[in-house]
Amino acid sequence: MQVVEFIERVGAYILDSILALGNFALFLIRSLMYAVLPPYKLRLTLRQIRIIGAESLMLIVLISTFTGMVLGLQGYHTLHLFGAEDSLGTLVGLALVRELGPVLAALMIAARAGSAMAAELGSMQASEQIDALTVMAINPVQYLVSPRMIAGVVSFPILTVIFNVIGIWAGYAVGCGLLGASGGAYFNNLAANMSRHDVALTLYKALVFGVVVMSVCCYKGYHAKRMATGVSRATTEAVVLSSVLVLAWDYFMGSILL
Amino acid sequence: MNSESNGKQTANAIEVRALRRSFDHQHVLNGVDIDIPAGTITTIVGPSGCGKTVFLKHLNLLLRPDSGSIVIDGVEVTRLGARGLNSVREKFGMLFQAGALFDSMSVYDNVSFPLVEKTRLSAREIDERVRRTLAAVGLEGMGHKFPSEMSGGMQKRAALARALVTQPKILMLDEPTTGLDPTRTGSIHQLVRKTQQDFGLTAVVVSHDVPEVFSISDRVAFMHRGRMQLVGTVDEVMSSDDEDFKRFLAGRASGDDLESQVVS
Ligand SMILES: Nc1ncnc2c1ncn2[C@@H]1O[C@H](COP(=O)(O)OP(=O)(O)O)[C@@H](O)[C@H]1O
Ligand SMILES: [Mg+2]
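Those protein sequences? They're chains A and B, same order as listed.
Its first residue numbered 0, the first sequence is counted upward by one per residue in numbering that gives the first Met the number 0.
Its first residue numbered 0, the second sequence is counted upward by one per residue in numbering that gives the first Met the number 0.
Calculated directly from the structure, the hints in this document are not laboratory data.
Here the structure is a predicted model, which is why all the values come from computation and not from measurement.
Check each hint, because a few of them may be wrong.
Here are some chain A residues the structure puts well away from chain B; computed CB gaps all over 10 Å [stated by the list, open to error]: (1) 12; (2) 49; (3) 53; (4) 58; (5) 107; (6) 177; (7) 188; (8) 242.
The calculated DMTMM-like cross-link candidates involving lysine to aspartate or glutamate, where the alpha carbons are at most 25 Å apart (straight line), are [claimed, not checked]: (9) A/40 - B/108; (10) B/144 - A/130; (11) A/224 - B/174; (12) A/40 - A/54; (13) B/90 - B/174; (14) B/90 - A/130; (15) B/168 - A/127; (16) B/168 - B/124; (17) A/224 - B/102.
The beta carbon of each residue, even a glycine, is placed where N, CA and C say it ideally should be.
Looking at chain A on its own, in the form it has when it is part of the complex (with noise of 0.2 Å):
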């Protein structure tokens, strides 16, 4: 008796999940075919982009600095046991470009932009806004997520593009302003490690996140459930679900693209 319930239990989940895995799948390729069909919503894309980026641009900026500063004092302290401090500019410019860079950035837009978006999504769905615009015969996904979806495209690179510039930046700050690495070696040596495969793999990686981390905190938003913790939760889900997501993500894309 107990294992044929396990089973059906186990079976039902599994359904679930798939099932769930195939309505995302097909709200994701909705709101990508809508990006790129008219009517274009040329004005609530731009003002998503700005929404994204005023709200995470603060964030970013504090937070690359921060992680520079860790790489250049880490690194400092590392490579000096080797007496290879002319190595840093290297290993914080590398290490930024190809791993942290776009993965904090993406985290930090998921975390404070991406949770608006679903709280936002989340009410619109709880009062009845999105019902109010399918029966005015508009299309919600074109007029709400497509123009989320594409803003998350276009902001996610540049984000990514200054938290690496400021990280090396605040890298070398420490590690030669403050601990005494050679300044002229950390950037001769970032500009001759540092190849075009690194910096189209730093924008790659920047605009697979921002489609995963839009589209997931938007579907989450969207399908908020219609009762007192349902924007709540959609909230935390689709910040937890788009960061977890970033992350295996990356390991996935760096094992096969390095």
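Knowing the structure of chain A, use the given hints to seat chain B with the ligands on it.
Showing chain B with the ligands alone in chain A's frame:
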């Protein structure tokens, strides 16, 4: 469908047959049959929780039925694809029970929204129509306010303005006067009647203002246990000796409101 065989005057804007819908194990619509003649006001009354809102949301396919048919202007709509659905939905104006105003927009932008998005009217025409509609619901000069800055009654009137501004063929109002004082209730009723007459539109009104709302109604439907238990002209329904309806009229606030939910 008898809408095609009948003459123009008696054509039905909406014909619903054997409409069923359940949520989980709760049968909310349990075989709804109703004809709504074009160019009339039909008022749906019934205890709260009996499925009035769910019924309205089926007419413009916001919710999909489990079975049954819905014919709007001679077109069976329950199996329409996205494009056909849009052309059906464009016939409707809908006031949601809780308003459903866009809270990121001012009242003015809320009311102009469907015109800006769905019509090719010039900016001047839109402005003129929005102002006229806001004035009609008693919100002149309030356009700059945001929904969160207004009372529930004002939000309801703003939402009513948004439903009216497109001059839809079919107007669905889910409790347009709940939460309004008696004077406002009267003026909203008159506004609905006047709009209906001016544009010859079909209106479906869900209301708890019994019997006040009957003065502007052509027909009344009493919804009970997931069905339209009584449908007819105001006189026919008021003179019927249906026990459930009498009990509903006598004590709408009493406990049997709750027991009306049919749970299997
Ligand atoms: N989306 C939904 N999911 C589950 N149950 C619902 C849903 N919408 C309505 N119901 C249930 O259907 C019944 C009728 O609701 P409603 O049509 O809102 O009643 P009313 O006549 O007061 O407008 C209620 O018991 C409600 O709980
Ligand atoms: Mg209701």
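Hint-by-hint comparison with the structure:
1. 12: holds, 19 Å
2. 49: About 14 Å separates residue 49 of chain A from the closest Cβ of chain B, which puts it past 10 Å; holds.
3. 53: Correct as stated: the minimum Cβ-Cβ distance to chain B is 15 Å, above 10 Å.
4. 58: It holds; residue 58 of chain A is separated from chain B by about 23 Å at its closest Cβ, greater than 10 Å.
5. 107: holds, 24 Å
6. 177: Answer for residue 177 of chain A: holds, closest chain B Cβ roughly 46 Å.
7. 188: holds, 50 Å
8. 242: holds, 26 Å
9. A/40 - B/108: holds, 17 Å
10. B/144 - A/130: Holds, at roughly 22 Å.
11. A/224 - B/174: Measuring from Cα to Cα gives roughly 23 Å; hence the hint holds.
12. A/40 - A/54: holds, 21 Å
13. B/90 - B/174: holds, 20 Å
14. B/90 - A/130: It holds: about 16 Å lies between the C-alpha atoms, which stays within 25 Å.
15. B/168 - A/127: Given that 25 Å is the threshold and the Cα spacing comes to 22 Å, the pair holds.
16. B/168 - B/124: The hint holds at about 20 Å.
17. A/224 - B/102: holds, 19 Å
Hint compliance for this structure: no hint is broken.
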